[in-house]
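So the sequences go chain by chain: G and F.
The first sequence begins at 240 in our numbering and counts up by one.
The second sequence begins at 37 in our numbering and counts up by one.
Heads up, some of the hints might be wrong.
Once the Cα atoms are required to be at most 25 Å apart in a straight line, the calculated SDA-like pairs of lysine to any residue come out as [said to hold, decoys possible]:
1) 576/G - 298/F
2) 480/F - 291/F
3) 366/F - 455/F
4) 576/G - 210/F
5) 576/G - 285/F
6) 576/G - 360/F
7) 590/G - 181/F
8) 457/F - 361/F
9) 429/F - 484/F
10) 285/F - 127/F
11) 127/F - 356/G
Label-pair restraints from in silico Cβ distances [stated by the list, open to error]:
12) 161/F - 436/G: 22 to 30 Å
13) 518/G - 107/F: 42 to 50 Å
14) 107/F - 252/G: 47 to 55 Å
Since the hints were made in silico from the structure, they are not lab data.
Here the structure is a predicted model, which means the values were calculated and not measured.
Glycine residues also receive a C-beta, built at the ideal position from the N, C-alpha and C atoms.
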Amino acid sequence: MIEFLNTHSRQVRIGLIIAGVLIILLLLISLPMTLLQSSIRLATPYVLGSLAALLASRAGVLNLAIEGKMLLGAFVAVVTVYQPGVLPGQGRDPILGVLVAALFGGGLGLIFAVLYLRIRINLVILALAVNLFVANATVFFMRVQFGAFGTLADPSIRSLSTLQLPIIHSVPFVGPLLSGYQILVYLSWVMVVLVWVLLFRTQFGRHIRAVGENREAAESVGINVTRVQIFALTLSGMLAGMAGAFLSLGVLSQFVENMVSGRGWTSITISLFAFEQPVGAFFTALFFGLAEALSFYLQSRPEVNLPPDLLLALPQIATITALVLVALRIRTAELMKRRTFAQQFGHELDKLRRGVLAGGQD
Amino acid sequence: MPLAVDMRHIRKFFPSSSVLACDDVDFAVEQGEVHALVGENGAGKTTLMNILYGLVAPDAGQIFVHEKLSHIAHPNDAIKQGIGMVHQHFKLVPSFTIAQNILLGIEPNQAGFIDNNDEADIVRRLSESFGLPVNPNARVADISVGMQQRVEILKTLQRNAQILILDEPTAVLTPQEVRELYVVIRKLAADGRTVILITHKLLEVKEVADRVSIMRRGRMVATHSVADVSVRDMANLMVGREVILRVDKSPATPGDVVLKADNLLVAGAGGIPAVFGVSLEVRAGEILGIAGVSGNGQTELVEAITGLRPVEGGTINLLGQNITHASVRKRREIGMAHVPEDRMVVGLNLKTNLDENVVVTHYQDEPYSKRGILRLPPIRKLAQQIVDAFQVKSARVGEEIKTLSGGNLQKVVLGRELYGKPRLLVVNQPTRGLDVGSIEFVHKTLIEERDSGAAILLVSVELDEILSLSDRIAVMFGGRIMDVLDAEAANEQDIGVLMAGGSLETEPAAAEKV
Chain G
240 MIEFLNTHSR
250 QVRIGLIIAG
260 VLIILLLLIS
270 LPMTLLQSSI
280 RLATPYVLGS
290 LAALLASRAG
300 VLNLAIEGKM
310 LLGAFVAVVT
320 VYQPGVLPGQ
330 GRDPILGVLV
340 AALFGGGLGL
350 IFAVLYLRIR
360 INLVILALAV
370 NLFVANATVF
380 FMRVQFGAFG
390 TLADPSIRSL
400 STLQLPIIHS
410 VPFVGPLLSG
420 YQILVYLSWV
430 MVVLVWVLLF
440 RTQFGRHIRA
450 VGENREAAES
460 VGINVTRVQI
470 FALTLSGMLA
480 GMAGAFLSLG
490 VLSQFVENMV
500 SGRGWTSITI
510 SLFAFEQPVG
520 AFFTALFFGL
530 AEALSFYLQS
540 RPEVNLPPDL
550 LLALPQIATI
560 TALVLVALRI
570 RTAELMKRRT
580 FAQQFGHELD
590 KLRRGVLAGG
600 QD
Chain F
37 MPLAVDMRHI
47 RKFFPSSSVL
57 ACDDVDFAVE
67 QGEVHALVGE
77 NGAGKTTLMN
87 ILYGLVAPDA
97 GQIFVHEKLS
107 HIAHPNDAIK
117 QGIGMVHQHF
127 KLVPSFTIAQ
137 NILLGIEPNQ
147 AGFIDNNDEA
157 DIVRRLSESF
167 GLPVNPNARV
177 ADISVGMQQR
187 VEILKTLQRN
197 AQILILDEPT
207 AVLTPQEVRE
217 LYVVIRKLAA
227 DGRTVILITH
237 KLLEVKEVAD
247 RVSIMRRGRM
257 VATHSVADVS
267 VRDMANLMVG
277 REVILRVDKS
287 PATPGDVVLK
297 ADNLLVAGAG
307 GIPAVFGVSL
317 EVRAGEILGI
327 AGVSGNGQTE
337 LVEAITGLRP
347 VEGGTINLLG
357 QNITHASVRK
367 RREIGMAHVP
377 EDRMVVGLNL
387 KTNLDENVVV
397 THYQDEPYSK
407 RGILRLPPIR
417 KLAQQIVDAF
427 QVKSARVGEE
437 IKTLSGGNLQ
447 KVVLGRELYG
457 KPRLLVVNQP
467 TRGLDVGSIE
477 FVHKTLIEER
487 DSGAAILLVS
497 VELDEILSLS
507 DRIAVMFGGR
517 IMDVLDAEAA
527 NEQDIGVLMA
537 GGSLETEPAA
547 AEKV
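Just chain G, same shape as in the assembly:
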């Protein structure tokens, strides 16, 4: 098995891509349109969250605080838009909420980066602290500032408006599939492209990747590693903030205590699973969107006789499966490395010994 993977790595990769395309086509044909639409919509926080995760890990920092940054984004987005007393639906523009969420997410990312890189607080402890702090601070402000318990909602809070794409929306099948989502959904797609361009077509992106892959190599040619990492973590925080804003303003138009509920962690899994590739993360995120949508969809179907708890756990099951696959991949890579070493040098050793026995020189 390992030898096969070793000698056919290119074919294996192409095979995987073809299999992926086939699965996507099969899903597109077989699943109902409403399910596909809600998959794409629900994938948005995962798309943005996994971009946030991969940007940070490309710069060599495992961003374990994405959960907290998403929650902060969700909260400040609603607070920005919240205007009690105005007519229903006449509150501030939700786009403003998204921008403020991105700003706060970026700000928290910057603080996180400075605490970690300049003051050198342990990364894991810092991330746990940020996640716990945001979770409790949002509850605190909700009660003290708004007198709200559990949920912050108001008729003034509008959700993000939807956008019909010109021309595309009238094409059969493709139109309903791709058109009619909120603007942040499309923005997340644009972000996939932008992050890809940043990482693979700009000087700064090249420095991010160099820092993440071999920090000493970057240092030795005079790249300011700390600055690169601070910048990457700030960008990562902005993306996470936007992901949070979609949860509160794109799906529910209200803020609910701890509403991110693990999507930040799942985003890290997606980034790992997708080899930290933006496009790969996009498709992986779509799959997780499907898992979440499927969980809602099957619950609403009386003919499905599965226990509701199991259905609710679908996204989590998908996460665990992905993590197991990631671990297996790392293990296989290690085994393959050792196998190659033993083959290469074992062979050289044999040659050398034969030469010696035949009276030759080394």
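Add chain F to chain G, keeping to what the hints say.
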């Protein structure tokens, strides 16, 4: 010739390990020469060069570059002064192409956007002008180690380096690649560039350098023109002569084979073989000493035998059982004991007390535990026995050991490892950093153990220790055993030549079987 580099009265003390790495070192290199800087690992040569390259700040001293006083606080300062360094462990990004690595940090760009074709062109021109062909678009992860080194050299040349520091450049190369590198080095010097070669391979010095400076234990011992010194002289200057410790011992009476390693292949850092085809036998009642400059595969060999590092090829037999891939516990159950190189980190746990440190190899046996519960009274009794038998001063049962001296710590390790009469004792650098009294004690203990029938594999970089304790001596160089000598017949000079990678004329190519 004007001086390219002139370092004066350099001093550097590392408080964390309390090592005086450079002790009032003077070092001068002429422009256009290939200057070798030799010394054993830990002699201070890499520290000295790291100071020149701005990676380490000296405590005292001055640096003149091209006869101007320079302040080099960061590698960027060094690069600006025209100094380039090729590190022993390459600093390359594996997923990047050759061109991307060479131009890292100085990418030609338009408003921050990069054009891959531009980069390939620049690198192609650079490689042609120096006659160092590379494929700019090949990924570094896919190219050979020799090619990676060429990329590192081109990296410094692209930054216009006039002074190149090469740290152990041949350590990772095949013989063919080494020859190519020599040609490159000579060519760079012929162009008027200055090359500083850090190495401990003396044949290499003879072959490629104009002058040589020798360091030993943080001090600059001598600087010579290479034509004026022999390999043997350099070896003597490098290793130095220590007070020879006398150890009383009777001739060995070797019994059956206890440990037998056959054609071992072990990986080192970076996917390079650290142990390459080593075969050896240790018999009951004898000490096999492994001599060699540190970093020639001894550590990896010991780790492979004791089960701390995977074996990629070959077999290890202990008392007739194949233990090539056995767990550490299995090896110990058969009768292996191990006194590791680093007693502070591997040998002992300094965060806990004496009791736990002595029982750690036997905690699962009765009477030390019953049904998974540790039983304190027998453990304490064992600790007290070891303290008494090995005269571990100021160690008390149940108390912490981190305040003990190095000698007393080593006695704790020895006491623990010798408890239960091991059939094979693997000992790595047993007296490093110990005072004379403790050294004597350790040596005496090892001889006693040998006389009572244990097989002992002794690895040490102290030649005197090897000479005075061993019954047979294997010399390791570059992951291979160069030769095996009978301790009676061996002398320091012969071993020095073998340690430097040479061979003894009288016994050509007899290096295969121990």
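Indicate whether the distance between the beta carbons of residue 161/F and residue 436/G respects the range 22 to 30 Å.
28 Å, holds
Between residue 576/G and residue 285/F, is the straight-line Cα distance small enough, at 25 Å or below?
Answer violated: residue 576/G to residue 285/F is near 47 Å, above 25 Å.
Given the hinted pair residue 576/G and residue 210/F, is their alpha-carbon gap at most 25 Å?
20 Å, holds
25 Å limit on alpha-carbon distance, applied to hinted pair residue 366/F and residue 455/F
17 Å, holds
Just to be sure I understand the hint, the distance between the Cβ atoms of residue 518/G and residue 107/F should be within 42 to 50 Å; is that true here?
Roughly 47 Å apart at Cβ, these two residues keep to the hinted range, so it holds.
Does residue 429/F pair with residue 484/F here, judged by a C-alpha cut-off of 25 Å?
Within the cut-off at roughly 21 Å; holds.
Starting from residue 285/F, check that the Cα of residue 127/F is at most 25 Å away, please.
Not OK: residue 285/F and residue 127/F at ~49 Å, beyond 25 Å, violated.
Agreement of residue 576/G and residue 298/F with the hint, judged by alpha carbon distance not exceeding 25 Å
Given pair residue 576/G, residue 298/F holds - Cα atoms ~23 Å apart, limit 25 Å.
Residue 252/G and residue 107/F - C-beta distance against the hinted 47 to 55 Å
51 Å, holds
25 Å Cα cutoff - pair residue 127/F, residue 356/G:
Satisfied, since the Cα-Cα distance of roughly 22 Å is no more than 25 Å.
Would the pair residue 480/F and residue 291/F pass a check requiring their Cα atoms to be no farther apart than 25 Å?
21 Å, holds
Given the hint that residue 457/F pairs with residue 361/F, test it: the Cα-Cα distance must not exceed 25 Å.
23 Å, holds
The structure shown violates the earlier hints numbered 5 and 10.
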